[in-house]
Amino acid sequence: MENHTLDRIEQYLKGNLSAEEHTRFSDEIAADSDLKEEIDQMQTILKIVSANGDAQFLAQLEMIDRDLATENGGLGRLKRIRWVSWAVAAAIVVLLSTWGIFQWNKTPVTPEDLFASHFLPYDAPQPIRSNSSETAGLPVDWTAYRAGDYQAAADVLVGISAEEDALSYLADFYLGQCYLMLNPPQPQLAIKAFERVLEKDHDYREQAEWYLALAYLKADDLDDSHAHFEEIATNPDHFYQEKAAKILESL
Amino acid sequence: MRYTDQQIVAGLLAGGRGEHSLLKQLYQVHQSTVFRFVQEQQGSKAEAKDIFQEGILVLYKQVRAGKFRGESSLGTYLFSICKYLWFQKLKKESRRADLLERQPLPFTAQDIDPYRKMEDKEQRDLMLTLFQQIGEQCRKVLLFALYDEISMDEIAQKMGFKSGQIARNKKYKCLKRLKKVMNEQPEAQALVRELR
Numbered sequence: 001m002e003n004h005t006l007d008r009i010e011q012y013l014k015g016n017l018s019a020e021e022h023t024r025f026s027d028e029i030a031a032d033s034d035l036k037e038e039i040d041q042m043q044t045i046l047k048i049v050s051a052n053g054d055a056q057f058l059a060q061l062e063m064i065d066r067d068l069a070t071e072n073g074g075l076g077r078l079k080r081i082r083w084v085s086w087a088v089a090a091a092i093v094v095l096l097s098t099w100g101i102f103q104w105n106k107t108p109v110t111p112e113d114l115f116a117s118h119f120l121p122y123d124a125p126q127p128i129r130s131n132s133s134e135t136a137g138l139p140v141d142w143t144a145y146r147a148g149d150y151q152a153a154a155d156v157l158v159g160i161s162a163e164e165d166a167l168s169y170l171a172d173f174y175l176g177q178c179y180l181m182l183n184p185p186q187p188q189l190a191i192k193a194f195e196r197v198l199e200k201d202h203d204y205r206e207q208a209e210w211y212l213a214l215a216y217l218k219a220d221d222l223d224d225s226h227a228h229f230e231e232i233a234t235n236p237d238h239f240y241q242e243k244a245a246k247i248l249e250s251l
Numbered sequence: 001m002r003y004t005d006q007q008i009v010a011g012l013l014a015g016g017r018g019e020h021s022l023l024k025q026l027y028q029v030h031q032s033t034v035f036r037f038v039q040e041q042q043g044s045k046a047e048a049k050d051i052f053q054e055g056i057l058v059l060y061k062q063v064r065a066g067k068f069r070g071e072s073s074l075g076t077y078l079f080s081i082c083k084y085l086w087f088q089k090l091k092k093e094s095r096r097a098d099l100l101e102r103q104p105l106p107f108t109a110q111d112i113d114p115y116r117k118m119e120d121k122e123q124r125d126l127m128l129t130l131f132q133q134i135g136e137q138c139r140k141v142l143l144f145a146l147y148d149e150i151s152m153d154e155i156a157q158k159m160g161f162k163s164g165q166i167a168r169n170k171k172y173k174c175l176k177r178l179k180k181v182m183n184e185q186p187e188a189q190a191l192v193r194e195l196r
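Quick mapping for you: the protein sequence lines, in order, are chains A and B.
Using our numbering, you'd call the opening residue of the first sequence number 1 and step up by one each time.
Using our numbering, you'd call the opening residue of the second sequence number 1 and step up by one each time.
Since the hints were derived computationally from the structure, they do not count as laboratory data.
Computed from a predicted structure; not experimentally measured.
Where hints are given, some of them may not hold.
[What the hints assert, rightly or not] Covered by chain A, per the in silico footprint, the following chain B stretches (three or more residues, Cβ under 8 Å): (1) 46-57; (2) 78-85.
[Unchecked claim] Derived Cβ-Cβ restraints for the label pairs, each shown as a range: (3) B:Ser32 with A:Glu21: 26 to 36 Å; (4) B:Gln165 with A:Leu17: 29 to 39 Å; (5) A:Asp155 with B:Lys180: 55 to 65 Å; (6) B:Pro186 with A:Glu21: 51 to 61 Å; (7) B:Lys121 with A:Arg146: 16 to 26 Å; (8) A:His226 with B:Lys121: 19 to 29 Å; (9) A:Asp27 with B:Tyr172: 19 to 29 Å; (10) A:Ser33 with B:Pro186: 36 to 46 Å; (11) B:Ala14 with A:Asp155: 20 to 30 Å; (12) B:Glu122 with A:Lys246: 35 to 45 Å; (13) A:Thr110 with B:Lys180: 15 to 25 Å; (14) A:Pro184 with B:Glu136: 33 to 43 Å.
Built from N, CA and C at the ideal position, the CB exists for glycine as well.
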């Protein structure tokens, strides 16, 4: 099939041909069974692309939802810390008056602070729609993960990660989350898990890149962390571009 | 920075799905109104989230298709879409049929319904699986070209190709790859027949 015919088919199916062109092309289709077959295939292709585009768009909205929840969660944690530690805060104010506000403003933010203000563990897969129990497809009981028992969750996920399964990238992705949440955290293992996610072909790339950069931050490896955040910040289409740019300002 | 409706519309037309900050503002500003409405109507929080996200998807497609003409604010328009989707859901589940009929719409139902999510889970899963098999680069090229409908020059820029012509050639190759994947799998052939 010639490329220009493919273009014509696409424009025909999208209703972008003029009335005259549309009639002429319809006549050609009626007289040519191969062309009719091509039309059917292209129609299916457009539906496949549309279904995938919709799925990606909804996944992007889900990322925004989590992102906003992370921001609100961070704010909530900040408020709790402020409430519980008011006496400590008062002492800090006294200290500030001694050292001067100007000096305090120059105090660098630590990698641990940056990590704490930007990291919240990714939610366990939710049912795809509210009226279904179907999740992202991993045959995993997410109870331990949801309950914050990250060691138990990691024990399950590590087995799936080792399998040659098309969804093992998801196991690695959540394994990385678990390693960052363990007490004590295991950022080096998290780094390896996120790197394995990035070796595979799927649509979790942007999330994995973001969490990999955070894992390096947690490991206090500022060079690698900086390099990964920079890669994200210089990609205007990256979901975490603005956040990475903000972190780089502090780093 | 707070974007105006005009800036959001212009951004969605220009940058498509990539405009995270615009979508984030839409989400953040209008979420509570829709959630409150659905929950006041005895809907759950999860249902409210589904309706709201689907409403933004419909709004996005309306904007891309040039059907949002700015006669109301984006927020009012989005709320109307979500109300319509919610009443349609109630009708489908035989909870309340009358609300849908009484709902005044700033658009025709025909504008909205073609965008509704595919209900047949098996078909949807097959479509996602087939698409997964053509590789990440092809997936991106076809989504940019056929879903977002952005120009070949822009695709070249986003994907790091040297020119729009290279992007166009890549698109043809990816179309052929997807056809090959479809032709090699009998389930896909059945899908082609079902979708006719």
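These are the hints, each one checked on the structure:
no. : hint                               : in the structure
1   : 46-57                              : holds (count 8)
2   : 78-85                              : violated (count 0)
3   : B:Ser32 with A:Glu21: 26 to 36 Å   : violated (48 Å)
4   : B:Gln165 with A:Leu17: 29 to 39 Å  : violated (23 Å)
5   : A:Asp155 with B:Lys180: 55 to 65 Å : violated (41 Å)
6   : B:Pro186 with A:Glu21: 51 to 61 Å  : violated (35 Å)
7   : B:Lys121 with A:Arg146: 16 to 26 Å : holds (24 Å)
8   : A:His226 with B:Lys121: 19 to 29 Å : violated (44 Å)
9   : A:Asp27 with B:Tyr172: 19 to 29 Å  : holds (25 Å)
10  : A:Ser33 with B:Pro186: 36 to 46 Å  : violated (21 Å)
11  : B:Ala14 with A:Asp155: 20 to 30 Å  : violated (48 Å)
12  : B:Glu122 with A:Lys246: 35 to 45 Å : holds (43 Å)
13  : A:Thr110 with B:Lys180: 15 to 25 Å : violated (53 Å)
14  : A:Pro184 with B:Glu136: 33 to 43 Å : holds (35 Å)
Checked against the numbered hints listed earlier, the structure breaks hints 2, 3, 4, 5, 6, 8, 10, 11 and 13; every other hint is satisfied.
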